[in-house]
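Start from the sequences and build out the full structure, keeping to the hints where you can.
There are 2 protein chains.
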Amino acid sequence: MKIEELIAAARGEVEVDLLLEGAEMMNTLSGEVHQSDVAISGGIVVGFDSPSAKETLDLSGKVLAPGFIDGHVHLESAMVTVPEYARAVVPRGTTTVVADPHEIANVLGAEGIRYVLDSARLSPLSVYIMLPSCVPATGMESSGASLDAEALSELIGEEGVLGIGEVMNYPGVLFRDPAVLSKIGLAGGRRFDGSRPRVDGHAPLLSGMDLSAYVAAGIESDHESTSIEEAEEKLRSGLWIMIREGTAAKNLDDLLPLVNDVNSRRFLFVSDDRHPSDILREGHVDSMVRRAVEAGLDPVVAITIASQNAAERFGLRNLGAIAPGRRADIVVLDDLDELNVQKVLKGGAVVAEGGRLLAPIGKAPRPRSSSMKVGEIVSGSFDIKAEGSLARVIGVIPDQIITRSLLARPKVEGGRVVADLDRDLLKIAIVERHRGTGNVGLGLVSGFGLARGAIATSVAHDSHNIAAVGTSSAEIRRAVSAVKEMNGGLVVVDGMKVIASLPLPIAGLLSDRSMEEVAEKIEEVAGAAKDLGSVLEDPFMTLSFLCLPVIPELKLTDKGLVDVNKFDFVPLFVGDGGEDEAASFEAR
Amino acid sequence: MKIEELIAAARGEVEVDLLLEGAEMMNTLSGEVHQSDVAISGGIVVGFDSPSAKETLDLSGKVLAPGFIDGHVHLESAMVTVPEYARAVVPRGTTTVVADPHEIANVLGAEGIRYVLDSARLSPLSVYIMLPSCVPATGMESSGASLDAEALSELIGEEGVLGIGEVMNYPGVLFRDPAVLSKIGLAGGRRFDGSRPRVDGHAPLLSGMDLSAYVAAGIESDHESTSIEEAEEKLRSGLWIMIREGTAAKNLDDLLPLVNDVNSRRFLFVSDDRHPSDILREGHVDSMVRRAVEAGLDPVVAITIASQNAAERFGLRNLGAIAPGRRADIVVLDDLDELNVQKVLKGGAVVAEGGRLLAPIGKAPRPRSSSMKVGEIVSGSFDIKAEGSLARVIGVIPDQIITRSLLARPKVEGGRVVADLDRDLLKIAIVERHRGTGNVGLGLVSGFGLARGAIATSVAHDSHNIAAVGTSSAEIRRAVSAVKEMNGGLVVVDGMKVIASLPLPIAGLLSDRSMEEVAEKIEEVAGAAKDLGSVLEDPFMTLSFLCLPVIPELKLTDKGLVDVNKFDFVPLFVGDGGEDEAASFEAR
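So the protein lines, in turn, are chains L and B.
Sequential numbering of the first sequence, starting at 272, is according to the numbering used here.
Sequential numbering of the second sequence, starting at 272, is according to the numbering used here.
Think of the hints as simulated: they come from the structure by calculation, not from any bench.
Be a bit skeptical, because a hint or two may be false.
Which copy is meant is left open, so a pair is good if it fits within one copy or across any two.
Simulated crosslink set (SDA-like; lysine to any residue; CA at most 25 Å straight-line) [stated by the list, open to error]:
#: 1; residue 1: Lys521; residue 2: Val689
#: 2; residue 1: Lys656; residue 2: Lys682
#: 3; residue 1: Lys273; residue 2: Ala458
None of these values were measured; they are calculated from a predicted model.
Spelled out as structure tokens, the structure:
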């Protein structure tokens with residue numbers, strides 16, 4: 272719409288397209304609820320009044336809010352395409368997401384990022400991109416692609432790209448890794464005004480002078496705080512605090528008490544990694560708003576965090592509020608108490624109603640490759656030779672993506688380490704799948720509780736090799752092969768039989784089905800894993816983070832076991848003298 | 272400083288330059304006061320701690336705040352060069368200003384803007400530029416230069432330039448003047464992210480659908496609200512509210528009650544036009560902070576408005592807070608009650624102490640021309656032929672820049688209108704001075720109270736022609752000639768004698784002396800005007816706004832009398848039938 276037409280519509284010289292009448296408005300600019308009509312033309316809010324409108328919507332008794340913005344999300348965690356994601360979240364009030372397509376970029380590189388941008392255009396969801404800064408996440412794993420500063424520089428000027436995504440490699444910042452600093456440098460330069468691209472952060476437990484160094488390097492946000500003290504220090508240091516409420520990591524209850532009227536402007540709501548069933552059951556940003564209000568936050572403040580703050584953090588000056596010149600992305604809520612989303616307008620059109628998407632969505636062409644090229648797997652591929660008596664064990668903490676680094680005396684049979692079901696000591700394998708290197712990382716894990724069989728997945732952060740946990744080498748081998756045969760996905764194997772599976776043919780990460788179908792399948796595979804003895808709520812989610820070597824403490828990649836605190840490989844077996852630690856494991 | 276060095280300093284690997292110890296800190300990010308040391312290296316805050324520092328400053332008992340930012344100022348109103356301005360305001364805590372060099376640009380065009388940027392580099396004050404959008408302010412006056420969208424487009428990418436300055440021509444926006452829209456368009460384009468330049472507004476009394484249209488066109492701020500209702504509507508509509516406390520226009524007391532913890536983020540403090548004596552006596556942004564706190568605002572909120580909010584509004588992400596990576600522009604206050612500025616650090620160096628600037632300032636070379644080219648003035652130049660019995664009169668409102676449009680039956684002698692001292696009906700003249708056109712606008716004004724003599728000035732918004740008010744044509748002529756002879760400035764004439772003057776040889780707007788000297792001279796000229804009978808606090812300030820045809824109601828330019836509400840010329844004399852209005856004038 273031309274600016275002249277906008278002005279004419281705003282002044283009432285011509286009919287506006289749509290007039291929303293009679294509702295109360297959550298004004299995220301004046302920080303209050305007040306009655307106001309809303310006039311819309313050409314998809315843009317032109318004002319609060321109009322002498323005539325092509326269409327009028329009576330919304331008496333309802334409450335208008337700006338469309339919600341998820342300030343940081345890896346869409347791939349929902350395991351569906353962007354249009355199918357939109358079908359699920361837009362009816363919940365989310366009209367914009369700032370996505371870091373870190374997962375698909377680790378598999379497909381720039382092609383993956385462009386696939387997300389292209390497929391977003393087929394849906395009523397606005398998707399902005401923060402370019403993945405850690406592809407590969409580390410040099411300690413094999414990814415499907417590598418995006419260095421030069422590769423990113425070709426993408427950073429593209430429409431829809433806002434800056435550099437979460438700099439997970441915080442040690443790389445602290446130790447001044449030139450490859451990391453040159454990526455941050457893409458957002459730097461001498462100009463410090465608004466034209467500088469944004470840089471998101473990721474710094475779990477970083478504190479004191481190291482935190483200061485990380486912030487001084489140009490990082491502007493963080494979504495990894497798990498305690499109020501951690502978030503408070505980061506807030507004081509100048510990081511935008513993204514309150515994350517994902518599936519594996521939930522921080523809202525812990526961080527909310529930090530928010531007050533004055534500092535609330537520095538907070539965002541983000542979902543980071545949220546599972547299909549959680550989205551379908553609880554919702555999306557709307558669920559965070561409701562939870563925050565239940566916990567005592569002023570509804571206007573909660574809505575402002577969910578919209579205006581994200582718009583401000585990312586310089587999206589046409590979003591975040593219902594005001595002249597801003598895009599008419601509007602959520603119609605039932606009332607101020609329940610805050611349930613009844614209708615959603617996107618660019619001035621009603622695109623969702625009663626939880627259902629009305630707008631048509633397209634089907635994006637699949638990327639050319641799913642990057643499923645696994646090296647030869649033989650019968651001994653998953654055997655662990657007993658090269659010591661004391662071994663490192665990845666200790667799973669339920670509902671957390673951090674692990675503990677434990678020590679245990681593994682069970683050995685015929686010179687080989689085998690799973691010890693009595694002590695819940697299983698074998699874990701990470702199989703490189705992008706370039707057929709044949710790399711297989713092997714280790715031990717505790718916390719899954721499988722009594723038999725194996726599970727495997729091609730969703731395995733961040734390089735998305737094939738991760739498997741099982742009670743025997745043979746079953747692990749069967750599970751890995753099944754994933755390969757599906758061109759990616761999740762499987763549960765009992766003996767030599769696949770008893771449940773979810774195919775993810777797009778990059779080995781995404782289904783081409785609806786979120787409901789995917790959620791159902793996930794329930795099936797999780798149920799099947801439970802049948803095998805799994806004690807975890809979501810063993811696949813847990814498994815998918817066990818190879819992420821930027822989250823403490825002990826992780827496994829296709830190249831080997833990583834002590835994240837040291838940010839280096841460590842052998843599976845340790846020398847003697849670890850008796851006490853081993854004892855501590857036994858006593859858990 | 273290289274990013275690697277910054278990180279090393281932040282981590283405590285090397286000595287930092289300076290450690291501020293023992294003070295409390297106004298944290299504009301977490302919205303609280305808390306104890307914190309501050310470590311500085313290379314002019315940048317690197318953190319809150321350091322094992323070793325080259326220099327340590329014990330600030331126990333003191334309070335640190337981020338350097339203050341004046342969000343909108345016409346530096347020319349202080350009538351001194353930028354370095355001399357810095358000498359006055361930096362010791363008050365102002366470390367950054369966002370200047371709209373509207374006055375000097377109206378005289379010298381792009382050369383004037385570059386002169387401001389260049390001379391700012393010779394001082395410890397950071398000066399960012401919003402490009403004057405109204406040069407000339409209107410087509411109804413003759414300015415020294417013209418800056419159309421094309422001319423502005425050459426400047427908008429320059430370092431230090433943040434966007435388009437206050438779009439005073441709001442009727443031009445509403446009526447879709449292509450010249451105005453193309454200037455706003457420089458900040459537009461398809462990208463709505465942070466890379467879009469800023470656009471400041473100026474919309475006194477604009478309301479309802481016209482306000483919506485103005486905002487929808489892309490205008491983002493306003494500093495013209497005079498009532499809480501006006502500011503509230505603009506706040507709700509999405510404009511940043513710049514609370515102005517200038518010399519001629521003071522809005523702080525009226526608008527402050529609107530500010531609360533939640534909406535405070537959308538407010539800035541600006542001085543707009545502040546006179547030298549006010550700066551020297553009351554201070555600058557610091558005075559607004561103190562006044563706001565006296566009026567009951569939380570000191571942290573007041574300081575945040577004075578720093579972080581302006582930084583955020585203009586996307587100056589390295590300013591506005593004392594936090595890692597941000598420039599070490601820091602104000603040291605005595606305590607939380609008095610909020611007096613004791614020391615000022617700019618880029619990590621103590622540049623002011625106890626109200627005195629310590630840092631050296633340079634002297635910028637004068638622009639080549641002062642644009643003082645007055646057409647021939649003859650004895651009849653200031654005569655007004657009596658072409659009717661009822662004339663329009665500019666009615667001055669003390670301490671306001673708006674005027675009333677009055678009607679009166681002027682005193683006529685020998686077919687010519689003469690001043691009527693009994694009714695305080697004086698003659699006013701605007702003499703074109705840039706191109707020697709010989710244009711002279713003539714009119715009547717009420718409210719000055721001069722009993723004899725005349726005053727004249729080359730500071731006359733916005734085209735800065737020579738404005739004169741006097742009791743006789745001869746004295747007006749003498750005053751105008753005196754201004755011309757000084758190459759610009761302020762004069763007071765009694766009979767044929769200049770009894771006081773302030774030369775302003777730089778563009779006819781600025782002195783090359785210190786602010787103290789200028790203030791003294793202003794007092795002299797104001798005193799001299801008072802001796803002639805002036806009843807106004809500052810007759811030159813009032814006079815300087817009487818030719819500004821974008822502020823209601825009745826103004827005079829070199830081209831004639833302007834009814835600002837109609838935005839058109841009107842004749843001095845009106846037809847009959849205005850008896851009632853004339854009576855109302857007499858009854859004032």
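Okay, the hints, checked on the actual structure:
1. Lys521 with Val689: For Lys521 and Val689, the Cα distance exceeds 25 Å both inside one copy (34 Å) and across copies (81 Å).
2. Lys656 with Lys682: within (11 Å within a copy, 114 Å between copies)
3. Lys273 with Ala458: between (31 Å within a copy, 15 Å between copies)
Hint compliance for this structure: hint 1 alone is broken.
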